[in-house]
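Trainee: Now for the letters of each chain:
Number of protein chains: 2
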Amino acid sequence: MADGKRTKSNLRAEVAALKRERTLGAATDLFYEKGYTNTTLDDVAAQLGVTKPFIYTNFGSKPDLLVEICRVGVGSALEEVERVLALGEPDPQTLRRFIPRYVDAVLRRQKNIAINIREEKNLLPEHASELAELRHNFMARIELLLTKACAAAGYKLPDPNVTAFAIVGAVSWSTFWYSPQGRLSAQDLSDRMTEIVLNLVTHNDRTTR
Amino acid sequence: MADGKRTKSNLRAEVAALKRERTLGAATDLFYEKGYTNTTLDDVAAQLGVTKPFIYTNFGSKPDLLVEICRVGVGSALEEVERVLALGEPDPQTLRRFIPRYVDAVLRRQKNIAINIREEKNLLPEHASELAELRHNFMARIELLLTKACAAAGYKLPDPNVTAFAIVGAVSWSTFWYSPQGRLSAQDLSDRMTEIVLNLVTHNDRTTR
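Chains as they are written, first to last, in my numbering: chain A, 1 to 209; chain B, 1 to 209.
In isolation and in its complexed conformation, chain A is listed as follows (with noise of 0.2 Å):
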């Protein structure tokens, strides 16, 4: 009987994250190719074959579903960060691990941060203040990191943190630009991308100043 119980909450849950994952996946998907102010509620729930109560009872309204859309995006890159700053102090290689890592959680994330970016002006103003201050821990964590990293591997960045936006810059513009049927395979542009980002870092042990 307790176990009876169980089982079926277990599935409600299951049900319920189903439910918001599919309807957050099928807004990802529209809010990219069509923007967002372009696309109705309407459109979300044709693409899932629903109605649009069920999206307002299972997620909430359309600004809930771009705010987590964005969180997405983000949380995906901090994640990577926190994740390596977790494993204690850096050491030489931490970069030379850490950037595929990172590439890849954006590229995983390509449509959530084209939207985060994007959509900036449509986000409501609590959204808005909350994505802001999300990104600064990203940008002031990526920067401890990188400032620890080069240190253990004896590179002194002139200024760590416009190194860390051009870096942050470098990889997420690929968001715009990158098709995964161009030329290049997720994983060759990630290991490009780890030479490029590698290069303008470790070219410090010979320009310190």
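Treat the hints with care, as some may be off.
[What the hints assert, rightly or not] What follows is a set of in silico ranges between Cβ atoms, one per label pair, in the way DEER data are often shown:
id	chain 1	residue 1	chain 2	residue 2	range
1	A	TYR56	B	ARG22	40 to 46 Å
2	B	ALA186	A	GLU89	34 to 40 Å
3	A	ALA152	B	PRO92	29 to 35 Å
4	A	LYS52	B	GLY182	41 to 47 Å
5	B	ALA13	A	PHE54	31 to 37 Å
6	A	PHE54	B	PRO125	29 to 35 Å
7	A	ASP29	B	ASN137	26 to 32 Å
8	B	ALA186	A	SER129	23 to 29 Å
[What the hints assert, rightly or not] Covered stretches of chain A (in silico footprint by chain B; criterion: 3 or more residues with CB under 8 Å from a CB of chain B, positions within the stretch not fixed):
id	region
9	112-120
10	190-199
Quick caveat, the hints were computed from the structure, so don't treat them as lab data. As the structure is a computational prediction, the values presented were derived from the model and not from experiment. For each residue, glycine too, the CB sits at the ideal point set by N, CA and C.
Put chain B on the given structure of chain A with help from the hints.
Mentor: Showing chain B alone in chain A's frame:
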């Protein structure tokens, strides 16, 4: 009489140019602050102390404003590449001369470039195609410049295409985070970004493969 006519006709052209420039400036500020879909032509008219028909007559519709703002954004960067390529074959110092000019062009047109990135899905289809073509040209020209300038300086780039996107990403990203009211002057950012980009490419004299 002929002189009188010419003066009159120049003044007309000057007035028309002034009206266009001020309309474009007001629309750029508003689209940047509030987003394209949250801005009405009435908002733009109010900012200029004119009426909406004034804007229709002297400039055109809201989509006309958007595409022109985006053209100016891509155009400012494209102009700098064309200017350098027009000087003839690149030499070892070409990149050091070009990069600060490119960074300055991006910072000068920060709002236009941010709007161009954000509002892609709100362009009319024919305008979106025109801008995609312009961006494609820009990327092809910057890749050509990069390849020639690196060859002249004795660097071999493992993948000039991805390197070009990484550089454009690192520089263009500043349109989202840089504020002239912050820690760095535009000159400071330009200096630092130039060093970062040069490090990224010049490292390849050691790590060619």
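Trainee: Each hint: holds or not?
Mentor: Consistency of the hints with the structure:
In this structure the hint that A:TYR56 and B:ARG22 lie 40 to 46 Å apart at CB holds, the actual value being about 44 Å. Between B:ALA186 and A:GLU89 the beta carbons are some 36 Å apart, a value that agrees with the proposed interval 34 to 40 Å. Between A:ALA152 and B:PRO92 the beta carbons are some 33 Å apart, a value that agrees with the proposed interval 29 to 35 Å. At roughly 43 Å, the beta carbons of A:LYS52 and B:GLY182 sit within the given window of 41 to 47 Å.
For the pair B:ALA13 and A:PHE54, the beta carbons lie near 59 Å from each other, so the given range of 31 to 37 Å is not met. Against the hinted window of 29 to 35 Å, the Cβ-Cβ separation of A:PHE54 and B:PRO125 comes to about 32 Å, which satisfies the hint. At roughly 29 Å, the beta carbons of A:ASP29 and B:ASN137 sit within the given window of 26 to 32 Å. With their beta carbons about 27 Å apart, B:ALA186 and A:SER129 fall inside the hinted range of 23 to 29 Å.
Beta-carbon proximity to chain B at under 8 Å applies to 4 residues in the region 112-120 of chain A; the threshold of 3 is reached and the given coverage holds. Proximity of the region 190-199 of chain A to chain B, defined as three or more residues with a beta carbon under 8 Å from a beta carbon of that chain, is established by the 6 residues found.
In the structure shown, a violation is registered for the earlier hint numbered 5 alone.
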